[in-house]
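Colleague: With chain A fixed as given, assemble chain B onto it according to the hints.
2 protein chains.
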Amino acid sequence: MAPFRRLALIGIGLIGSSLARVARRAGLADEIVCSSRREETREKALALGIVDHAFASAADAARGADLVLFCTPVGTYADLSAEIAPVLEPGAILSDVGSVKQAVVRDIGPNVPDGVHFIPGHPIAGTEHSGPESGFAELFQGRWCILTPPPGADADAIARLRAFWEAAGSEVVEMDPAHHDKVLAITSHLPHLIAYTIVGTATDLEESLRSEVIKYSAGGFRDFTRIAASDPVMWRDIFLDNREAVLEMLGRFSEDLAYLQRAIRWGEGDKLHELFTRTRAIRRGIIEARQA
Amino acid sequence: MAPFRRLALIGIGLIGSSLARVARRAGLADEIVCSSRREETREKALALGIVDHAFASAADAARGADLVLFCTPVGTYADLSAEIAPVLEPGAILSDVGSVKQAVVRDIGPNVPDGVHFIPGHPIAGTEHSGPESGFAELFQGRWCILTPPPGADADAIARLRAFWEAAGSEVVEMDPAHHDKVLAITSHLPHLIAYTIVGTATDLEESLRSEVIKYSAGGFRDFTRIAASDPVMWRDIFLDNREAVLEMLGRFSEDLAYLQRAIRWGEGDKLHELFTRTRAIRRGIIEARQA
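Quick mapping for you: the protein sequence lines, in order, are chains A and B. Numbering-wise (the numbering used here), the first sequence opens with residue 33 and increments by one. Numbering-wise (the numbering used here), the second sequence opens with residue 33 and increments by one.
Keep in mind that a hint or two might mislead.
Not everything, but these chain A residues come out facing chain B in the computed CB check (under 10 Å) [as the list claims (entries may be wrong)]:
| no. | residue |
| --- | --- |
| 1 | R57 |
| 2 | A157 |
| 3 | V204 |
| 4 | H211 |
| 5 | T229 |
| 6 | D236 |
| 7 | L237 |
| 8 | A290 |
| 9 | E306 |
| 10 | T309 |
To be clear, the hints were calculated from the coordinates, so they are not data collected in a lab. For every residue, glycine included, the Cβ atom is placed at its ideal position computed from N, Cα and C.
Excised from the complex, chain A in its bound form (with noise of 0.2 Å):
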């Protein structure tokens, strides 16, 4: 017997057909439904075979499911709890896959009916494309994935969701939902925001030199441009809802910027080689890690 009798995914974009994928391999759900506002999202997702069924509306996805997974922007998480809260049942887990947490919990939570267990979670995993024909079933393996249940959330609920993502190939933990959002202010959405940055910069030059930085991008540009190929509407989302710790985290990146601007211009060769010294060590950290 499957784990969940019914899994509707809210969005079948690259995260939510992984999971359809990955579901349907592992046989973790007796049925796969999806819903998604386009109908050409909707023909691919069923000409993937990944879905049983999708949906225009997320509460016809919803209704009668035991595990309902928001994997859209989370622009659009408050408006669609609201649609699917009706449809519900007692019981059900409701959780997401966004990169946000704090303003997820304040678009979803008011909008939770009784006895459905609201637990939001964020695999770290991604691609820069998008669409349902870009998902693959490996997209968790090795991956963490980060769950904030709220305090007093139903612990067997929590077990479930977790079991569902560990089978899914994830490593999870659970985390409160402000220090989710410092720290992927700092490790996932600084680090896209300077890189669309430095692209739309490279897009802004004269022509002369702009064909020229695509030709010669091997030289660390192209690192940059393929993060900078990341959905917009969902980094849209990200920023807006983060306002506050990627502002912070942005305060002290240019304060640090500032610093090695003006070691540039007063050739202070030693406070370049000490810092580039150090942020070799972080690598290594990273690469001991297992992560890199």
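Modeller: Below, chain B without anything else, positioned relative to chain A:
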């Protein structure tokens, strides 16, 4: 008969040792020698079997060579070129692999004896690793190599150096040194500076966050740590020697970042979305240009 009699690699780190390997494999020189100030490095190079002789003195390596390549940090070029000038033979080609080109012309140019062909070069290739053991013969395969021959440079010498890089697998282009420095400032130097900065910002976080930065680095930060693990001395020299172009690009970047910062603070999602959509297109350009 090999195209060169004696190839002298001044410095035998990642780039120098990769050149030694590919020159040996492709039969580009009858004899391959190197110099390194550090005894440990010389011993490694000899133990790896990638050079025939390893000298402590650059002049001893350059003596009798018809191709001399500087493969040390650019800050060493002025002294090294003065040191080897007396032993350089007429007809020899003197080149380098430095990531800046105007400063190289400034530092080496005045020391070049009559009859020696000075043709600066820059292969757009590398990894974050250092030392003779980190090189590999395929490093230059499919990569650009930019030559910046001075006005009036000997056409035959340019053709011979070009053929050397092509035999190493590179596609060779010629460029004006000032233009090179501008292009590299945005495609390579600024990305490195930013990566160093953000990794530095992360290391300065309070301890409770810092360990988690490493743990959850897969969210985007990890790509930056790889770049920020590059050789500290080499990169210190690059920033000091391409100061003007780097500060110019840094100024543009900081303005663009401030614009996004303001958009986040004021919740102007449309501005974020507009940029994020634009940057996605650049990535497509790079993929189409087969550099990704």
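Colleague: Run through the hints listed earlier and report the numbers of any the structure violates, in increasing order.
Modeller: 1, 3
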